[in-house]
Amino acid sequence: MNLATFPWLTTVILLPIAASLLVPFIPDKDGKTVRWYALIVGLIDFAILIYAFYTQYDPSLSGMQLVESYTWLPMLDLRWSVGADGLSMPLILLTSFITTLATLASWPVTLKPRLFYFLLLAMYGGQIAVFAVQDMLLFFLVWELELLPVYLLLSIWGGKKRLYAATKFILYTAGGSLFILLAALAMAFYGDTVSFDMQTLMAKDFPIKFQLFAYAGFLIAYAVKLPIFPLHTWLPDAHGEATAPVHMLLAGILLKMGGYALIRMNVEMLPDAHVYFAPILVILGVVNIIYAALTSFAQRNLKRKIAYSSISHMGFVLIGIASYTNLGLSGAVLQMVSHGLIGASLFFLVGATYDRTHTLILDEMGGVGRKMPKIFAMFTTCSLASLALPGMSGFIAELMVFVGFATSPAYDLTFKVIMVSLAAVGVILTPIYLLSMLREIFYGPENKELVEHEVLVDAEPREVFIIASLVIPIIGIGLYPKLLTQLYDAKTTQVTEKLQASFELANVETLPATEAAEVSLLPTEPLQAPAISHL
Amino acid sequence: MDSLYQFAWLIPTLPLLGAMVLGIGLISYGKLTTQLRSLSAIFIVSLIGASMVLSFGLLWSQIQGHEAFTLYIDWASAGDFHLAMGYTIDHLAALMLVIVTTVAFLVMIYTDGYMAHDPGYVRFYAYLSLFSSSMLGLVISPNLVQVYVFWELVGMCSYLLIGFWYDRKAAADACQKAFVANRVGDFGLLLGILALYWATGSFEFNVVGERLHELVELGSLSGALAGFFAILVFLGPVAKSAQFPLHVWLPDAMEGPTPISALIHAATMVAAGVFLLARMFPMFEALPTATDIVAWTGAFTAFMGASIAITQNDIKKGLAYSTMSQLGYMVMAMGAGAYGAGLFHLMTHAYFKAMLFLCSGSVIHGMEEVVGHNPVYAQDMRLMGGLRKYMPVTAFTFLVGTLAICGIPPFAGFWSKDEILGSTFQTSPALWAVGFITAGITAFYMFRMYFMTFEGEFRGKDETVKQQLKTEQLQGMGLAFGPGAMNPKELTADYPAEDEAHDDHDHHHSDEPHESPISMTLPLMVLAIPSVLVGLVGTPFGNYFEAFIHPPGEVVEAVTGLGISPEFEWGEFLTMAGSSVGIGLIGITLAVLMYLRKQIDPAAIAERIQPLYQLSLNKWYIDDIYEVAFIKGSRRLAKQVLEVDIRIVDGLVNLAGFVTLVTGEGLKYLENGRAQFYALIVFGAVLGLVLVSGIT
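Chains A and B supply the protein sequences, listed in that same order.
Everything in the first sequence is counted per this note's numbering, starting at 16 for the first residue and increasing by one.
Everything in the second sequence is counted per this note's numbering, starting at 696 for the first residue and increasing by one.
For reference, chain B alone in the conformation it holds in the complex (with noise of 0.2 Å):
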């Protein structure tokens, strides 16, 4: 089996391939390679294919009990100063590799339905394989520094990727915000990197864990201190993982094109920040200041996400709160101490949520035929309705991932979620019960989706909801948001360019939309299938998964066949596992009530709770705080420093050289020769030199 470990560097390496033969071919012959789309994607396909097997590979050595492997190179060094590069393939490592590389093999291939129309197919293909290159080049990484590095290049693949569109303008502005939002992550994680290296000399996970904790206790670091540190590393994943208040880049990254928004912004690198924090967890144990705060930005993150999609209208802009609130979950697992469950629904979510995002892809790619290839009618549930006698498959699907996220059994959430809750019960009944609402408010908006698209009429051809789309829109557009300057012609030059710009595209439109071809729907049945199933290997009663990824240092007995562990107790987990679904049922029942039966109006509460619902609709004005607060801010800074360079730094060097030149005017007549005065200003001054020094 070693020899696989050897060739472990592969699994990152094979899609970077794949994505440098694409980025080669299109800047050295574009045309060509533009034409040659099927055997680019089956090329890449392949590629990310073969990195899935080795995964899948190496995870069943690591099940079979192989122990870790890490392999380093001497990357960079300055005299004693080392640092290596390299790989480890532990457990954590292991498993991460098989969600990253299967959800990205089953993007892969619904790419190819999504994206069939669109001049940019083989770029596209060509970014997805080198974020998937990044993302697994992240899971591997042996030290912070490594993370660091892909960190950021997945960073650089989602700015690439939201931007994809590059002439539509919301997506130029998201692409920068998300890139800038999540570079104040860095900022800060660098900073602890940096701090941590300092206290600790090392950049190991565990090594930096086990030294600062020697040094808190020997009192050469206070604890203060410490937990410092640990906050600043932890700014990174509140950027990654969206996390409030570093979460705005998030919603707005759903401009770019669908598959990316399953792959990238809810599967995979949104949930780098709980993957970091699992490897820093020796870190953090011992911090619970530090883990205090961890516990409650997820909470609070969690609350805010799920509150803010309840009246999201964007089907895109709603799974997006709702991931922005289930890694709000993670990030509470993590602080709570409860390593397994955080990554275990991570797991569970990275499969759903993708699912459903794909869905919501296969039902705008079917919306689209109908009003058109503009994001604004297309993606917005008001447009919708009735969907599933069209979309059988995807309707099928969605529900699937609705239970799923809902937390009923026997779904995958259920086991997860529980899982988080119960053990966040045991260290704070506070964060249980913000979580608790959450599962609630989860249900009720998930299925508020579920029934607006795919239950009741269809709407699609409802000219007064177009109407009040277009001026929503208009309104919307005053606020457009990302730093830079604001061009006024931008804002009556936008949209019919967009029109122009998809014209390209087929032109049937038909009245009702139809179901998505089989390679997107193959994808959803596939993610079907762990969406249901994969929430079996973490049940209470036969918690394999926990058995197979627990923090380090930390010894969990092996589960022993399907026996009920000694510890397990059934009361406990009727009566958590009962409560939550219970709340998940009541806002199930709510959601029935509201959007499909329609026997309560919508409409009627909002008008009754107005300044909630504002609150909710308006994303608790947070981008507009940060509109005035920072970008306003920055922008004005920035003017003033240039104004102060320009004017003052400038103008007095410059006056300086003003006043010499008319003091040299001066002296020319008084002088004969300018040569000879030169040198012997220059000659005495030297002598003075010389002597003043020589003297003392």
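Chain A extracted, bound-state conformation (with noise of 0.2 Å):
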């Protein structure tokens, strides 16, 4: 066997979903020897594409690798064609990362557990090939593909609401993708030859008037995805019903599939029309940050709040991707990486929680941190990496986003003195809202109902396990950032040059007097060239 041609990526995909065919022939009286084939299959599929990541994958090179490409239907020019670089390959290992951890969290789930471990199984694979397909239509495929078991692990294990929520989940993001299909479809046909894969795609060079409507037509739908304001609303409602392991793979994957589309289609296959949207991103992504900061701050059910702060969150990531300079979009993928991981763990604990106090209302809480000092002690940790603190890997991706966007050369002063001050508000709201979250659940004297009505134990050490793998990645990346922005340094680099070239482009021949002043694009020389500071 070659290593170097081993189909890799195809393997880590298809593992898992093959693995998920199995589990109605395992034999389990008590559903508890399924959950330990699931988590194997998980532990299994994480070494093989850590192994694949170590031998086959070097982060100094900017464009595809572990490329795989088969013919799948000729006639329709579908290609199973794989591959990873920079900017998917630490998505892939997130993915695969929080999906075994999501699975050891599923140990209390008792109801129907084949169908549970077969839907995450499946979620398993498809969340893999969602970052690692290289052809626009085999990408809708999965993306489609991927609502299926969610849909499902909402709507049978969800909350009270669950069905609304489950309904309009799909609803939202099916009605989304339609325009991903749209606009892919627009695009293979365009031109001489007829073609959906992705490289060939970016080579293609369409006029600016269709690469307008094709990136409003992705953005309406990754906008759905990430989410961005307004299109939301399904958030709260799908994370509110969510269980806990369907909940750390919805914020920490799910989000990202909207960050990663928008970095790898809008911006790297739509350069020109990004000139004309990017103002509109950095907008969006202010409002992010500051209305759903606002939100959750109001909100007296735990996991609406957290489901709002992740919306927060993601406000980062759209600004990084619109700064048009490395470091912003270093900063927005780190940001990805940085909050699937916080995010992940904060609703872990979340439901940790809910499983002992049996209730997400704030005001019924109260002083359990007497009860649970291990859970407090982590939700601390973890509720301080979400709100930035320095040291945890969510400081340096929102400070480089920062950096990144107040040294942008794409807008003008004033734009840029609105957009980071108002942003930086996020900084003074997100502790508001996380910390007087620790303290109603549990500072404060013991709320005597809670006390005597449930058994508070705890945490046991399978949580601590997770809460852990968790944080030292957070901590890690927080400590030495280099650690994470060194696998897809090449990549950003490579994608921030053909964004300033094109942005360069624009601003040099063909935009109109009236369109350039509506947009604010207006090139400012920073007062000495960024040639920054050699410390």
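Honestly, I wouldn't trust all of these hints.
What the hints assert, rightly or not - Calculated Cβ distances over 10 Å to all of chain A for the following chain B residues:
(1) Leu734
(2) Ser741
(3) Glu1167
(4) Leu1169
(5) Gly1237
(6) Tyr1239
(7) Gly1266
(8) Ala1298
What the hints assert, rightly or not - With a straight-line cut-off of 25 Å between C-alpha atoms, the simulated BS3-like cross-links for lysine-lysine are:
(9) Lys44(A) / Lys127(A)
(10) Lys176(A) / Lys1334(B)
(11) Lys463(A) / Lys219(A)
(12) Lys127(A) / Lys176(A)
(13) Lys726(B) / Lys386(A)
(14) Lys1161(B) / Lys1293(B)
(15) Lys1327(B) / Lys1314(B)
(16) Lys175(A) / Lys127(A)
(17) Lys47(A) / Lys127(A)
(18) Lys1334(B) / Lys175(A)
(19) Lys389(A) / Lys726(B)
(20) Lys463(A) / Lys1165(B)
(21) Lys1293(B) / Lys1156(B)
(22) Lys1084(B) / Lys1161(B)
Treat the hints as calculated values from the structure; they're not laboratory data.
Since the model is a prediction, treat every value here as computed from it, not as a measurement.
Don't be surprised by glycine CBs; every beta carbon is placed ideally from N, CA and C.
Assemble the dimeric complex from its two separately framed chains, guided by the hints.
Following this line, the structure appears as structure tokens:
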């Protein structure tokens, strides 16, 4: 077997899916064998991925690696084509990691365990496929296929309003993905050759108006997924009803698909349209940050509170993508990975707390810190990570986005000042709602009713292990961000160069004066060229 | 000596290691670790001890004239952007290292006695160690980003430690308030750092200052804008060093255990703001508008803190306002360009204020034996009195601290405060006047505190006072403060639960307080030494301190021997010193008459100047204003946004979905097969798109 040509990514994608098909044949009476089975499959898959990553992947290259391409349906030019570059590799690793942990987090699931683990494993492969496929049609297919397990996981194992939430989720996302199909088909059929291959599409030269249409189409789809205001309202419902492991996947991975696709398609394939849309993305990002932080503050339901905080954090991804600097884009990717870890840990802890208190309403909690010191400590740690405390990954991601946007050559000073100041308001709002939340759950005198009616036991080793597994990379990246940034630095550099080239082109040639004023994209000279500190 | 510098990173790392070991122990083997009390304490104290030895070594080497040492590692990079972290050891850093490690070391020894009965003993050591590590990291930071990193980390430790007794509602509110108030300051600091980076392309202290000057001189950056950047950066110190208008968190922070009030909220963390101003001095120096704002903020805070401290009855709150006032002096000095004087006061204040706080802790510890573990009783000076008889060491050291802060020669505070007043007089007599009056008030309230606590008769058994305190407390709880919903249940459930919370403590109530154990009194006695003597390094006739600590780029001639430096003028010194000692003595005399001899009735005076008295008692109503303006306001705004989200945003999208459904139902009757129809629409749309873009 030749290691270099072995289909690593295909294996990683198909192994869990194949394993999921075997779930019905596992002899299992009390639902305990199947969970071990799922966990072991997850671990094996993770191990294969890590091995492939270490031996076959070179982070210093910017191009596609681990590429495989097989013709699937020749008459449709559909190809099974997968690959990984600096943009997808960190997210693939994250997906495998979080999904394995989510399997471990599903230990208490007792309702229909076979179906649950079947869906979980199916999702495992499907999620990785979203980040790995290099064919637009295939991308659309796996994107859609991904929705099905989530829909079922929500509608069977969710909370009281689970059907409403699941339906809303599927309508929003499916409605959004229609636009992916539209834009993808248009791009594929444009010009002389018909091709769905992403690299070919990237090389195609689309006229600007076409780009704008396609960009808008993609943006709607990914705005639902990321989510971006005002298409975010499915998220509090879905997150509010999901059980903890599904929650971890939703927040940890599914939201990242939106950000990933935004960079992969909108930025990489349609850089000329990005020039026009970037300021809008910045504004939407800032709206996300402030709006969601405020709604989170007012929320009295714990899960919804954290759900809104996810929306708020995704705002930084948008600003980073629109920053036109390597630093900002790098920060956006870092923020996605970082939020994947932090969001998953917070949602897991919310689930663990709910398992004990059996309520998500903050007013019904209070003072449980004394009974559950470990959960208290872990919750505090993860909340601090979420409010971007230095030393943890969220801080460096936000800092990079801030510095990247502040030094961006693409915006005029007033726009930058206003946007940076508003985004920085999030720095004040985030601790307000997160620390209020901690205070209302753990601090203060014990809530008598709660203590009498519920058995408040402290975290078990399994729970501590899950949080430790998530917190170690959070702190690791926070202490030494290069651990992660070097994985994709070559890629983001390449993307930024391309972007800046098309930005300059747009400003030199065609930008009509009226539109220029409209999008406020006047380039300003920074006071000194960012010959950035040789420290 | 260079190897010492190579290993300087150990200074913050050792305490971090300690905190990590204890933290991991607590989370994985909680029960076992909680029992290993003395082992944990010895472990942590010896680690900080090792850091202290290293720090002294570095200070000595710096005094010997070793040049500044800086080490960088590439921390984060993206393309051609590189951000380095590392450490720098220069005169200022070495001095701060020694201040932080010595106070931390002594506070940790003291903690053993103070927290002896607390179930969270080990956790407290872990937090203390984590804090020390962050603070040490802050003072050796070579650039603004690293300062910001540790700036936030010390804030987090402060949050954890203020909320240490998390089942107390007041502590829960206070820790959140502290964090949020500090975040408001950090907001400014972050924007300031970004703006400076945008303008100068650097995060380094000196480079930022120099380039900013160049840019202003060249005219490519307007002076007003540069001043604005400086003010943004200054917002950080405003919050951290409890300057008006972000000072509100500091008095509430006294809900934390007393050792951390001494370490964090008196000696080290709150001084970080002054430290940052010192680091950014090259930038501020040439921006007169900014320095004026800095100086006046400091002066106003100094006066306001002192004016509130007069009427405080809680011994720790009194000291907290006093800290705020003293920090105001330091900030004022920085604003007035008196770099050395400000840092000199930082050093002397760190020692005597840490000692005063530890004394108050010792008093509280003694009072708890009599009145029980209720902070409302144990910290109120109206229940104290005559404690000198029972706690001679505490009383003596408290007196030393009081004399030091009042500026009585030759105690440490005299030299540093006098130097600040002297230097501000040269820049602005108006500033000097504020500082001068504040000095008088300081002497008055500190001696009021000393007399109420240690002189007269012991009032700990006075039931009428207790009853009065109880009523006041219940009234005060209606005004509880802090973002987040007020749950009316908390009002009734709070205090009974709190008494239970401390049931596991020892119950031997006695009739009179006793002196604290040696682990507590020893640090007091040790701290008394610098409180008396450390001022002698910075006397006007032989200012070794200023020769060692001076702004970068400024040349100060070395002090040779004890000889009087040439420009020193006895006349000027005697007038300045004489007047400040004079006003101090007036304050002390008033305090003696009112609280020791009782020849003047304080209540009668309070009656006669009722509005002023109320203003001081209610802390200038600033908490109440913030409550209405910001806390209720932000809560209301958030509620409205949520309403909008649920009703309008979600409603609109749902409506859109509903409309589609309805039309879909209608279409069903028109079309036979849905799938084909959708495919047709999709195909049509694609075709249209391609055609439209192809034609144009």
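Outcome of the hint check:
| no. | hint | verdict |
| --- | --- | --- |
| 1 | Leu734 | holds, 20 Å |
| 2 | Ser741 | holds, 24 Å |
| 3 | Glu1167 | holds, 20 Å |
| 4 | Leu1169 | holds, 15 Å |
| 5 | Gly1237 | holds, 39 Å |
| 6 | Tyr1239 | holds, 33 Å |
| 7 | Gly1266 | holds, 49 Å |
| 8 | Ala1298 | holds, 35 Å |
| 9 | Lys44(A) / Lys127(A) | holds, 11 Å |
| 10 | Lys176(A) / Lys1334(B) | holds, 22 Å |
| 11 | Lys463(A) / Lys219(A) | violated, 67 Å |
| 12 | Lys127(A) / Lys176(A) | holds, 19 Å |
| 13 | Lys726(B) / Lys386(A) | holds, 13 Å |
| 14 | Lys1161(B) / Lys1293(B) | holds, 22 Å |
| 15 | Lys1327(B) / Lys1314(B) | holds, 19 Å |
| 16 | Lys175(A) / Lys127(A) | holds, 17 Å |
| 17 | Lys47(A) / Lys127(A) | holds, 11 Å |
| 18 | Lys1334(B) / Lys175(A) | holds, 24 Å |
| 19 | Lys389(A) / Lys726(B) | holds, 12 Å |
| 20 | Lys463(A) / Lys1165(B) | holds, 24 Å |
| 21 | Lys1293(B) / Lys1156(B) | holds, 21 Å |
| 22 | Lys1084(B) / Lys1161(B) | holds, 22 Å |
The structure does not agree with numbered hint 11 stated previously, though it agrees with all others.
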